[in-house]
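Here the protein sequences come in this chain order: A and B. If you're matching positions, the first sequence starts at 1 in my numbering and goes up one per residue. If you're matching positions, the second sequence starts at 1 in my numbering and goes up one per residue.
These aren't lab readings, by the way, just hints derived from the structure by calculation.
Keeping only pairs whose Cα atoms sit at most 25 Å apart, straight-line, the calculated DSS-like set for lysine-lysine is:
{"no.": "1", "chain 1": "A", "residue 1": "LYS369", "chain 2": "A", "residue 2": "LYS128"}
{"no.": "2", "chain 1": "A", "residue 1": "LYS2", "chain 2": "A", "residue 2": "LYS286"}
{"no.": "3", "chain 1": "B", "residue 1": "LYS135", "chain 2": "B", "residue 2": "LYS116"}
{"no.": "4", "chain 1": "B", "residue 1": "LYS8", "chain 2": "A", "residue 2": "LYS403"}
{"no.": "5", "chain 1": "A", "residue 1": "LYS403", "chain 2": "B", "residue 2": "LYS115"}
{"no.": "6", "chain 1": "A", "residue 1": "LYS408", "chain 2": "B", "residue 2": "LYS85"}
{"no.": "7", "chain 1": "A", "residue 1": "LYS449", "chain 2": "B", "residue 2": "LYS115"}
{"no.": "8", "chain 1": "A", "residue 1": "LYS276", "chain 2": "B", "residue 2": "LYS204"}
{"no.": "9", "chain 1": "B", "residue 1": "LYS116", "chain 2": "A", "residue 2": "LYS61"}
{"no.": "10", "chain 1": "A", "residue 1": "LYS486", "chain 2": "A", "residue 2": "LYS475"}
{"no.": "11", "chain 1": "A", "residue 1": "LYS350", "chain 2": "A", "residue 2": "LYS422"}
{"no.": "12", "chain 1": "A", "residue 1": "LYS350", "chain 2": "B", "residue 2": "LYS185"}
{"no.": "13", "chain 1": "A", "residue 1": "LYS2", "chain 2": "A", "residue 2": "LYS308"}
{"no.": "14", "chain 1": "B", "residue 1": "LYS123", "chain 2": "A", "residue 2": "LYS403"}
{"no.": "15", "chain 1": "A", "residue 1": "LYS148", "chain 2": "A", "residue 2": "LYS560"}
{"no.": "16", "chain 1": "A", "residue 1": "LYS449", "chain 2": "B", "residue 2": "LYS116"}
Here's the letter readout for the chains.
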Amino acid sequence: MKDFDVCIIGSGAGGGPVALTLAKAGYSVLVLEKGPWFTEDDFFKDELACCRRSVYTPKLKDEQHVLEEYNGQNDDGSYKWRSEASSDSGSDFWNGNCVGGSSNFMSGYFYRLKPKDFRLRSEFGDIKGANVVDWPIDYDAMEPYYTKAESVVGISGKIIPHPHQEPRSTADFPYPPTAEHAVSGLIDKACRELNMHPLPTPRAVLSKPKDQRRSCEYSGFCGSYGCSSGAKGSSRAALLNDAIQTGNCKIQPEAKVYHLATDHSGRVSAANYFDKDGNKHAVSAKIFVVACQAIETSRLLLASTGPKHPNGLANNTGQVGKNLLFSAGGSGTGEFTYKQFDTQLAQAMKHRGPFVNRGLQDWYFINDKEFGAPAKGGIIDFLFRHPNAISKANGEKWDDNGKLLWGKPLKNRLKTVFSETKYLRFEIFNDWLPTDDCFVSLDNSVKDKWGSPVAKIRLGYHDHDLKVGHYLAEKSEQVLKQMNAKNIRSSVSGAPPPNLVAGGCRFGNDPATSVLNADCQAHDAENLYITDGSFMPTGGSVPYTWTIYANAFRVADIIKNRL
Amino acid sequence: MNTELIQKMLRKWDESIPSGLPERIQEQQSRRDFLKASSILAASLFIPACDNNDHIDTKTALANPLLTKAPWQTFAAVQNHLFPKDADSPGAVDFNATLYLKSVLELPGVDEADKKFLRDGVKWLNDIAQQMFSKTFYHLGEVEREDVLQRIAGSSAGENWLSMLLLYLFEALLTDPVYGGNTNKVGWQWLEHTPGFPTPTKDKRYYLLP
Numbered sequence: 001m002k003d004f005d006v007c008i009i010g011s012g013a014g015g016g017p018v019a020l021t022l023a024k025a026g027y028s029v030l031v032l033e034k035g036p037w038f039t040e041d042d043f044f045k046d047e048l049a050c051c052r053r054s055v056y057t058p059k060l061k062d063e064q065h066v067l068e069e070y071n072g073q074n075d076d077g078s079y080k081w082r083s084e085a086s087s088d089s090g091s092d093f094w095n096g097n098c099v100g101g102s103s104n105f106m107s108g109y110f111y112r113l114k115p116k117d118f119r120l121r122s123e124f125g126d127i128k129g130a131n132v133v134d135w136p137i138d139y140d141a142m143e144p145y146y147t148k149a150e151s152v153v154g155i156s157g158k159i160i161p162h163p164h165q166e167p168r169s170t171a172d173f174p175y176p177p178t179a180e181h182a183v184s185g186l187i188d189k190a191c192r193e194l195n196m197h198p199l200p201t202p203r204a205v206l207s208k209p210k211d212q213r214r215s216c217e218y219s220g221f222c223g224s225y226g227c228s229s230g231a232k233g234s235s236r237a238a239l240l241n242d243a244i245q246t247g248n249c250k251i252q253p254e255a256k257v258y259h260l261a262t263d264h265s266g267r268v269s270a271a272n273y274f275d276k277d278g279n280k281h282a283v284s285a286k287i288f289v290v291a292c293q294a295i296e297t298s299r300l301l302l303a304s305t306g307p308k309h310p311n312g313l314a315n316n317t318g319q320v321g322k323n324l325l326f327s328a329g330g331s332g333t334g335e336f337t338y339k340q341f342d343t344q345l346a347q348a349m350k351h352r353g354p355f356v357n358r359g360l361q362d363w364y365f366i367n368d369k370e371f372g373a374p375a376k377g378g379i380i381d382f383l384f385r386h387p388n389a390i391s392k393a394n395g396e397k398w399d400d401n402g403k404l405l406w407g408k409p410l411k412n413r414l415k416t417v418f419s420e421t422k423y424l425r426f427e428i429f430n431d432w433l434p435t436d437d438c439f440v441s442l443d444n445s446v447k448d449k450w451g452s453p454v455a456k457i458r459l460g461y462h463d464h465d466l467k468v469g470h471y472l473a474e475k476s477e478q479v480l481k482q483m484n485a486k487n488i489r490s491s492v493s494g495a496p497p498p499n500l501v502a503g504g505c506r507f508g509n510d511p512a513t514s515v516l517n518a519d520c521q522a523h524d525a526e527n528l529y530i531t532d533g534s535f536m537p538t539g540g541s542v543p544y545t546w547t548i549y550a551n552a553f554r555v556a557d558i559i560k561n562r563l
Numbered sequence: 001m002n003t004e005l006i007q008k009m010l011r012k013w014d015e016s017i018p019s020g021l022p023e024r025i026q027e028q029q030s031r032r033d034f035l036k037a038s039s040i041l042a043a044s045l046f047i048p049a050c051d052n053n054d055h056i057d058t059k060t061a062l063a064n065p066l067l068t069k070a071p072w073q074t075f076a077a078v079q080n081h082l083f084p085k086d087a088d089s090p091g092a093v094d095f096n097a098t099l100y101l102k103s104v105l106e107l108p109g110v111d112e113a114d115k116k117f118l119r120d121g122v123k124w125l126n127d128i129a130q131q132m133f134s135k136t137f138y139h140l141g142e143v144e145r146e147d148v149l150q151r152i153a154g155s156s157a158g159e160n161w162l163s164m165l166l167l168y169l170f171e172a173l174l175t176d177p178v179y180g181g182n183t184n185k186v187g188w189q190w191l192e193h194t195p196g197f198p199t200p201t202k203d204k205r206y207y208l209l210p
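Same shape as in the complex, but just chain A:
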């Protein structure tokens, strides 16, 4: 007799859909979550809590990563890598360790992938140095689940026909767009003058109440913050609360799974975890689902050796941790002074609350001789500079020569930046090509507070990512220029955004080159499924969360059918 039908490790966007689907179907579900359990009552617009103290993420001394960065070339042309523990470098690769995971803190920019994203290799061919492959499923297999996420998670938006619109089984979003800022109209005007197609950005934020969740209250502090109205479609607010309501789902916070035990048949038999006080526990289940976010999922599998898995669970062909993905691209900024607008518009521009909600998909696929052969491009999203005041001020303490400022010059600078200037930013998302230089392994020396080896992450990127990023940055800057913004600048680099991570456990039809089959079931452990972003063999050029939700709903149905 097993303790549970299903044990899910990780309560974020990959875990929530499985917990809800299976609990609703009457199966007993246990969700083990490493972090604490916050609710709406614990979330405030508190910059210290969200962003300046380790409240939602571990202290790096307790749990960290080792990062391997490019450090030049050897004489034979091979790359050199320099590794550094993140507690030494200060680079934090955690994103939200609590019930609901980092979906609590997302901005909720939600985009579907497009049919061609499921077959990039067939559409655009190989790129030297990149491991581009087609997915083992097509868009049609995912479409019903994208649609399901729209209504279950609650996605607000509006369909406007445009050249790159992906097929949909429903006419429009179940929730109308969230309220929009005055700047959105200015972006629309500039884009149309440039013959571009400005599109409303779909958001996983409710524009109308849904069950126990209130509509967005438009405080203007969304990304990085937990949502106190319940409007943000986090796994916790949108899925886990309903899963608990069924009476079939138990959430165990502060339960750190350090090892998945396997038996001689190669099946997972138990999840071994530490509780809050450091006591060890083991829990059994018929089926185990791992969804710890890409890096930690690969780490747990690699650490879970067993009689049939000498190199780690699901790793009998050495693929676990390989082809890790981030989101390539970059960002840029333009500045407006309130003085350049008439009084009424200046007032509207100062207003904080509504969303900018504008994006461009005109170069989702690039067909431009100046760029080269037809290629996969990406999207551009417009947004205001993050409203966090302390970090904004702290970014102004250096003068243009990198010298510390204080006294009157510092105060003048703060006054200008805060009271006279509005910063409109753009973010570029394009594919982070999978390569042999971006992967997760276990570090030999650095351990977490429970004594387990931490994940070592090699952070190489492909130069093609930068080429696409620069192409999109140039288009984005055109829009800001058309809007009469000043001091327009952008930055495209191979620095990985830790909050946009996927891959490491590719799904595919060939066990030699993938970890999971098309059902996201491990090739070498038949009662193990992976439902976070790890399954993605290529990333697409949009934030991952909607695809993670959709795929987890898809896999949940597969598990339901076999139970």
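Fit chain B to the known structure of chain A by using the hints.
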């Protein structure tokens, strides 16, 4: 003034910088580099005004006896120099910066090694002030204080120490008043900053959460 000895002291101080501290107290390095490359706001730089506010911290000290004691007297003096009060804008003294800093050093959340570096900096500062002007920092005039701070800012440790003090000044200026700074929302009002809502309650300050 023994310049060589001061250089030696600063180099010695450099050895005590906790690993990772510079990254923890800066907003992304890339942004800093980026600002270096651009020329924005260059025009706003000029020499600090030498108002006669040497003893502004003494006034605070009268209001709060704690601030007459080491190291808080020194911290207050440095903070008031870094963020002076003007006719039309608040200074460190107006938003409770020193007691806020004291709370940062006492509460969980900031790396213990960073806290030690911040505390120990007072001694380094005073040793260097003694070398330069034969007085501790608190007993110096405005111009001499600027000299000392410029001198230490030329070293890695001194720059990091000041950068850290500036960060906690910004926290005191702009964080929610529930944490003891930003007295009567003076920072938000001065910079016309609209905070988000709901704002944190006393029983849900970050260190009281689950």
